[in-house]
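Chemist: Now for the letters of each chain:
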Amino acid sequence: MFKPKKIQTLDEQAIVKTALQAMPQPSRRLFLQRGLSLGGLSLLTGCTLADEDSVERALMRVSTFNDKVQAWLFNPNKLAPTYPDSMITRPFPFNAFYGVEDIPKINGDSFQLEVGGLVANKRPWSLAQLHALPQVSQVTRHICVEGWSAIGKWGGVPFATFLQHIGADLTAKYVGFKCADDYYTSIDMPSALQAQTQLSLTYDGQILPPEYGYPMKLRIATKLGYKNPKHIQAIYVTNVNPGGYWEDQGYNWFGGS
Amino acid sequence: MNRAQIIHPLWLRLTHWINALAVVMMVMSGWKIYNASPIFHFNFPEEITLGGWLGGALLWHFFAMWLLMANGLIYLGLNLVTKRFKRKFVPISPRSLLLDLLDAIKGKLAHADLSHYNQPQKLAYLFIIIDITLLVLSGLAIWKSVQLPLLRELMGGYDSARIVHFVAMSTLVAVVAVHLVMVALVPRTLLLMIRGR
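Residue numbers (the numbering used here), protein chains in the order written: chain A, 2 to 258; chain B, 330 to 526.
Some hints here could point you the wrong way.
What the hints assert, rightly or not - Covered stretches of chain A (in silico footprint by chain B; criterion: 3 or more residues with CB under 8 Å from a CB of chain B, positions within the stretch not fixed):
#, region
1, 58-69
2, 107-120
3, 136-146
4, 152-159
Stated by the list, open to error - Which chain B residues stay away from chain A? Per the calculated CB distances, all over 10 Å, these:
#, residue
5, Ile-335
6, Thr-344
7, Trp-346
8, Leu-383
9, Leu-388
10, Leu-409
11, Lys-415
12, Leu-426
13, Leu-427
14, Tyr-446
15, Ile-458
16, Lys-473
17, Val-475
18, Val-502
19, Val-504
20, Ala-506
Hints are computed from structural coordinates only; laboratory data are not their basis. Ideal Cβ positions, reconstructed from N, Cα and C, are used throughout, including at glycine.
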């Protein structure tokens, strides 16, 4: 009675071990869980599940190639269209990878924005210090990767101005963002320096409300919504692509419009 | 094989089938992308979409676009170089189109000579070429709405470019459906597109 049971236990362990070995890298795991299935095409072509991994890798390679094409296409002098206040979408939609109830609660009085990486001055910034910098405002169209769009009004510090204040290496490739809601993303330096890219502190003339990213968000009119991080806690400059929450699951990294 | 008997040269057959594959991938992944934020009050059934989730569908869409574009340019280029466009699509007139359509309704449209396109065929194939061009242009306007301002304004802005893209897709699918019915009615045309004769 006990012997077969023991063999069974050993088999189970072996199965688990094999399964663990077969597990992909953590960064790829989420991507696979989301099931980039061949969908209907597998019915048409008779592709088996075993082919899916290589198909995914091929598609990701094309996506990386598309990043390069978009970087080449990107012209920093092309400005996103701006609109009159009357065209602002009301109410402006709340959008995140969680519900309204999970919006992070942040104490603005004690808040410190961390700055790191390839920058000369790594001292953290209080909100008062950021508000003391020159402020601009824009009414632009936020375009979501899902397809919908909404026009909003953001105010804050031109991001190029902020990068100059922290003595960022402007020849570096990437700017990364870490957020209070565990979101993270990164953008290319040319897009970071585009005139409309803004470290936003207000929405429609009011202090940025929690649902739109208090205490600050990056408003980047030349990129899709998922490249506009909210509740930013840390900004760093780097030459190693930091990826992003959605990007690591398969969304195109450049995400430019 | 007598070369004179070849009605569809190899390059035409290849570009036709590559285009068919690219269009199927574009349309099925496009339906999945549409489902993420429907423009109208309906969704496409998940079973006929490609990609599994929005991110996957976008990967397929932005892979197949290269296939569609490169293959389309080769097709258009070779048609111009070989003067096939002129041979196959001219003349086309509303009058002869109506006469052919009447014949078709009466079931009298001749298919004896498959090297010659009848008027509805000319119109349908030209429509497909123009419609796919419109799909590519409206797609570019959606993808690069800041970088391509002229294209964006031609489409009537970002949101309207999505509607143009959707309508162009719908009409393409409708014309392709009729095309498939016609092929089923005259199966020799399928052999022709495979063997060339």
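Chemist: Determine for every hint whether it applies to the structure shown.
Modeler: Okay, the hints, checked on the actual structure:
1. Restraint check on the region 58-69 of chain A versus chain B: 6 residues with Cβ-Cβ distances below 8 Å, three needed, restraint holds.
2. Note: the region 107-120 of chain A has 0 residues with beta-carbon separation from chain B under 8 Å; the three-residue rule is not met and the coverage is violated.
3. Taking a C-beta to C-beta cut-off of 8 Å, the region 136-146 of chain A contributes 4 residues in contact with chain B, enough for the three needed, and the coverage statement holds.
4. With 0 residues having a beta carbon nearer than 8 Å to a beta carbon of chain B, the region 152-159 of chain A misses the requirement of three or more and the stated coverage is violated.
5. Here Ile-335 of chain B stays apart from chain A, with its beta-carbon at least about 29 Å from theirs, past the 10 Å limit.
6. Distance check for Thr-344 of chain B against chain A: the nearest CB is about 20 Å away, which clears 10 Å, and the non-interface claim stands.
7. Interface exclusion of Trp-346 of chain B from chain A stands, the closest Cβ pair being 13 Å apart, more than 10 Å.
8. Annotated as non-interface, Leu-383 of chain B brings its C-beta within 10 Å of a C-beta of chain A; the closest such distance is 7 Å.
9. A cut-off of 10 Å between C-beta atoms contradicts the statement that Leu-388 of chain B is not in contact with chain A; the least separation is 4 Å.
10. The claim that Leu-409 of chain B is not at the interface with chain A holds, since no C-beta of that chain comes within 10 Å of its own (minimum 26 Å).
11. With a cut of 10 Å on Cβ distances, Lys-415 of chain B stays outside the contact zone with chain A, its closest approach being about 34 Å.
12. Distance check on Leu-426 of chain B: its Cβ is at least 34 Å (rounded) from any Cβ of chain A, clearing the 10 Å threshold; non-interface status holds.
13. Chain A leaves Leu-427 of chain B outside its interface by the beta-carbon criterion, the shortest separation being 37 Å against a cut-off of 10 Å.
14. Listed as a non-interface residue, Tyr-446 of chain B keeps its Cβ farther than 10 Å from every Cβ of chain A; the least gap is roughly 28 Å.
15. Once the 10 Å rule is applied to beta carbons, Ile-458 of chain B is consistent with being away from chain A; the minimum gap is 24 Å.
16. The beta carbon of Lys-473 of chain B sits about 6 Å from the closest Cβ of chain A, which is not more than 10 Å, so the claim that it is off the interface is violated.
17. Against the 10 Å criterion, Val-475 of chain B falls within the reach of chain A, whose nearest CB is about 5 Å from its own CB.
18. Every C-beta of chain A lies more than 10 Å from that of Val-502 of chain B, the closest at about 14 Å, which supports listing it as non-interface.
19. For Val-504 of chain B, the requirement that its beta carbon stay farther than 10 Å from each beta carbon of chain A is met, with the minimum near 20 Å.
20. Listed as a non-interface residue, Ala-506 of chain B keeps its Cβ farther than 10 Å from every Cβ of chain A; the least gap is roughly 16 Å.
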